[in-house]
Amino acid sequence: MDAPVLRLEHLGKTYRSLKALDDVSLSIAPGEIFALLGPNGAGKTTLIGAVCGLVRKTTGKVWLFGTDTDVDPVTPRYQVGLVPQEVNFDPFFTVAESLRIQLGYYGKRADEARVREVLEAMQLSTRADAPTRALSGGMKRRLLIAKALVHRPRLVFLDEPTAGVDVELRQQLWAYVRKLREEGTTIVLTTHYLEEAEELADRVGIIDKGQLLLVENKTQLLEQMGERRLSVTFSTPVSTLPASAESFGARLESGGLRLTYSERHGRPPAHRLLAALYTAGLPVDSVEMERPRLEDVLLEVLRAPPSRERPSPPAMR
Amino acid sequence: MNAIGLRTLFQKEIRRFLRVPGQTVFSPLVSTVLYFVVFGSALSNRVGEIEGLPYVQFIVPGLVFLGIANNAFLNTSSSLFIVKLQGTVVDLLAAPMGPMEVLSGFIGGAMVRGLLVGGLTWAVGALLAHAPVAHPLLTLLVLFLSAYAFAMLGFLAGLWAEKFEQVNFWPTFIMLPLTFLGGVFYSVKALPGFWGKVSLLNPVVYMVDAVRFGMLGRSVMSP
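Residue numbers (our numbering), protein chains in the order written: chain A, 222 to 538; chain B, 15 to 237.
For the record, the hints were derived by calculation from the structure and aren't laboratory data.
Owing to the predicted nature of the structure, the values given are computational and were not obtained by experimental measurement.
Glycine residues also receive a C-beta, built at the ideal position from the N, C-alpha and C atoms.
Don't take each hint at face value.
Said to hold, decoys possible - Pair by pair, the computed Cβ-Cβ distance ranges are:
no. : chain 1 : residue 1 : chain 2 : residue 2 : range
1   : B       : Gly210    : A       : Thr288    : 26 to 34 Å
2   : A       : Asp289    : B       : Lys211    : 50 to 58 Å
3   : A       : Thr279    : B       : Leu99     : 22 to 30 Å
4   : B       : Thr186    : A       : Ala351    : 34 to 42 Å
5   : B       : Gln37     : A       : His413    : 36 to 44 Å
6   : B       : Gly133    : A       : Asp332    : 32 to 40 Å
7   : B       : Phe187    : A       : Arg524    : 48 to 56 Å
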């Protein structure tokens, strides 16, 4: 693994008696898309705030691009972009002016070509000279993303970037996020749309009550903890399953017209069950297979968090 | 040091108040003209001279000071409160700018507004009261430092305020008494006993008097 873009060690944030972040350690590699998932109030935004300078951490260390932010909190921020969760806008300025101001804040001279490029990417070109208060909710959200990207950051935090954005635009944003990754940008994403994390993320972290419960490669996580649901419909009711199929632990439902089976790590693959059904000559009418979903994994982890003492490969965290 | 960041914030603060000139520049100017008309012209004949100066001239330095102090204060306090309220404070906190750059940007913008209103007030005073400037460099220095002091005070108020009511608390309960009891419209020497002594604890008295000395070459206190 290359030198991490972001490294957290035992990061903690306490508000009076509430532990918003509890001993969080994590490394983010250059060029990866990391999705931080968890319920409301889990600590996702606090974690991003502690890294970006919005929240004062109580304990622990943060390194951005190898720089200890306790020693130099400012220099690494030239390379960081942030899309905050809450929509904000400065009512005194237009869309294009907001981007020019943002460029200036990040020490960049006026760059009209870059402003136009980002406006185009966010489909805001026609609204460049509109006052920000005249934008719709979705447009304001896109302006936030444009502001976070206009100075070409190497690390971007997207805190709920597509909340309130319509489906078409969401897909376009996903495409743009992939393009950014291809250009070498590292992305840390929080989202309530787990489909978004499934689509984009290389690795997933699950956080709850301030504790980072799990960090895993998305594909491996889905393989290890995800369920592939098999649903078989019969043309005539089946009263009993043959022994070869029963041993899978599959269930008959709807008066024998339907069979369901959950394939998960450690259990026999669904295709063997299907083969057994066909071999036994059962009247299979249709077969549906659902891919494993992050939603199920998230719910399972939240219901029964893995032990924090469980050894975890250092490279994964 | 992020010089471009500082310049951007400074220019943004100036453009912000220039976007609403009626509220930020001309409204204070109208108040000042009214002060001249009501206190200066109407009362001038009754009051006569103070410290050897016609009353309408006597109040010019104080009104210039008032314009600077109020507007420098209001610019930082309201601008900072608005960025907190709108959430755009996140842009500043996450940007690669240290406290000095952020503070200087806000203070610089507020000083420009204060000095602009003060300058316009002086122009009105010069027109209505034929107020000369006896010591231009000293006057500029005192006005500059006054703008700085009240811009900083406004920044503190903006940092502290979490509600609209709290933003208005400072101008009403602190700025107004300090400036009205600061010898703008009268000589503090004319205040009797207790209030005369209390006035000497008011820093605004000395600021106004220093401006008066700079502009008119006379002061109530000994320079």
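Quiz item: Per the hint of 50 to 58 Å, is the separation of the Cβ atoms of Asp289/A and Lys211/B within bounds?
Solution: For Lys211/B against Asp289/A, whose Cβ atoms are near 55 Å apart, the range 50 to 58 Å holds.
Quiz item: Does the hinted range 22 to 30 Å hold for Thr279/A and Leu99/B at CB?
Solution: For Leu99/B against Thr279/A, whose Cβ atoms are near 27 Å apart, the range 22 to 30 Å holds.
Quiz item: In this structure, is the beta-carbon distance linking Gln37/B and His413/A contained in 36 to 44 Å?
Solution: holds, 40 Å
Quiz item: Taking 32 to 40 Å as the hint, is the beta-carbon distance of Gly133/B and Asp332/A inside that range?
Solution: holds, 35 Å
Quiz item: Is the gap between the beta carbons of Gly210/B and Thr288/A within 26 to 34 Å?
Solution: violated, 59 Å
Quiz item: For the pair Thr186/B and Ala351/A, does the Cβ-Cβ distance stay inside 34 to 42 Å?
Solution: holds, 36 Å
Self-check item: C-beta pair Phe187/B, Arg524/A: status relative to the range 48 to 56 Å that was hinted
Solution: Once the Cβ atoms are compared, 55 Å apart, the range 48 to 56 Å for Arg524/A and Phe187/B holds.
Checked against the numbered hints above, the structure violates only hint 1.
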